[in-house]
Amino acid sequence: MGSKRRPDTGGKVDVPMAPMIDIVFQLLIFFMLQLKIMAPEGNFDINMPLGQSSQQSSDAPLVPDIKIKLISDDNGNLAQLKFGERNLGVGDGAFEALGAEVLKIIGTPGNPATKDIEVEIDADYELHYEYVIKAVSHCTGKIDPQTKQLVRYVEKIKFAPPRLPKNS
Amino acid sequence: MAKRRLNHTSVIEPDMTPMIDIVFQLLTFFMVVINFENTKADERVKLPKDLLAKPPEVKPAEELVLNVGFDRDLSGRKLSEEPIVFYAGDKFTINNFGPLLEQEKRLAEAKGGKGAIDETTVILRADSEVPTGKVQELIRKCQEIGYTKFSLKAISEEK
Chain A
1 MGSKRRPDTG
11 GKVDVPMAPM
21 IDIVFQLLIF
31 FMLQLKIMAP
41 EGNFDINMPL
51 GQSSQQSSDA
61 PLVPDIKIKL
71 ISDDNGNLAQ
81 LKFGERNLGV
91 GDGAFEALGA
101 EVLKIIGTPG
111 NPATKDIEVE
121 IDADYELHYE
131 YVIKAVSHCT
141 GKIDPQTKQL
151 VRYVEKIKFA
161 PPRLPKNS
Chain B
1001 MAKRRLNHTS
1011 VIEPDMTPMI
1021 DIVFQLLTFF
1031 MVVINFENTK
1041 ADERVKLPKD
1051 LLAKPPEVKP
1061 AEELVLNVGF
1071 DRDLSGRKLS
1081 EEPIVFYAGD
1091 KFTINNFGPL
1101 LEQEKRLAEA
1111 KGGKGAIDET
1121 TVILRADSEV
1131 PTGKVQELIR
1141 KCQEIGYTKF
1151 SLKAISEEK
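First to last, the protein sequences are chains A and B. Taking our numbering, the leading residue of the first sequence gets 1, the next gets one more, and so forth. Taking our numbering, the leading residue of the second sequence gets 1001, the next gets one more, and so forth.
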């Protein structure tokens, strides 16, 4: 049996790069087309089993639930923000005042005595949804300016039964 | 003085290495940045913005994403005042959406067994201009089907 001879190429071996470059370009184009630049989204959790209402609770809470009313004008903009029976006005200042009122009721953030307190949001039918999110956000807590961390006020948020449209 | 042209007989091969380096870096960038999870989000829905809206640390085990918005033209102008649920590439009014929720329930139960619906979180992606009453109507429909956990989406706003 004769010995195997390695072919003597002499120079360097050229690996064909063209197919790899083709595939890499195709992958690049695929990922570029798939990319959708979207702002990061966050969420506010609410727990709402059917038929739940604040009166159904068997244990009397230490602190009464917080009721917030959002009244709209005909165009769906906020006309009045009410905390219980108190009118907090309108605009960003009203929402800041709402946060302050919630904080006053819970005492200190993370207070175990007020951990189970619930906020009920009662909004007009026509009111733009963004105002409800603002109200939910200001009840949920605030961002500490120093630490940039969330300081949580209330965790339990629910909606009052839906109202009927004004023109119905 | 006469110029002499060099006489090359071999083929000139450009150096491909720097280009391949760059292309691989671009490819890696796009692969890392791409987010396949957001495919259920509908771009026609203009979510409200909020400082506190931070992406959740724990993702819900099962979720049903409902996009509620308006039919808009390319400039973003509303074509109709009636809110629409964008679902599976189709458009439904909130009043007509009940049967599809039933269908979602059946699918969830076929996949996860009886009671799977209790573990499902309904993610509501509602347009900032949708009337709250319409969102509540949709929540009510979900409640009637048996969903209890809801999550309201907003865009994270940086101060």
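Keep in mind the hints are simulated off the structure, nothing from the lab. Be a bit skeptical, because a hint or two may be false.
Calculated pairs, SDA-like style, for lysine to any residue (alpha carbon to alpha carbon, straight line, at most 20 Å) [what the hints assert, rightly or not]:
id : chain 1 : residue 1 : chain 2 : residue 2
1  : B       : 1054      : A       : 82
2  : A       : 12        : B       : 1010
3  : A       : 156       : A       : 126
4  : B       : 1105      : B       : 1092
5  : A       : 166       : B       : 1129
6  : B       : 1059      : A       : 48
7  : A       : 12        : B       : 1013
8  : B       : 1054      : B       : 1128
9  : B       : 1054      : A       : 71
10 : A       : 156       : B       : 1051
11 : A       : 142       : B       : 1140
12 : B       : 1059      : A       : 47
13 : A       : 156       : B       : 1105
14 : A       : 142       : B       : 1158
15 : B       : 1040      : B       : 1021
16 : B       : 1141      : B       : 1097
17 : A       : 156       : A       : 43
18 : B       : 1040      : B       : 1158
19 : B       : 1054      : A       : 147
20 : A       : 156       : B       : 1143
21 : A       : 148       : B       : 1057
22 : A       : 36        : B       : 1097
23 : A       : 158       : A       : 32
24 : A       : 158       : B       : 1010
25 : B       : 1049      : A       : 32
26 : B       : 1040      : A       : 71
27 : A       : 115       : A       : 126
28 : A       : 69        : A       : 106
Covered, in the sense of this in silico footprint (three residues per stretch, anywhere, with C-beta under 8 Å from a C-beta of chain A), are these stretches of chain B [to be verified]:
id : stretch
29 : 1050-1064
30 : 1087-1100
31 : 1103-1113
Quick reminder that beta carbons are idealized off the backbone N, C-alpha and C, glycines included.
Quiz item: Can you name, in rising order, the numbers of the hints this structure does not satisfy?
Solution: 1, 3, 9, 11, 13, 15, 18, 22, 23, 24, 25, 26, 27, 30 and 31
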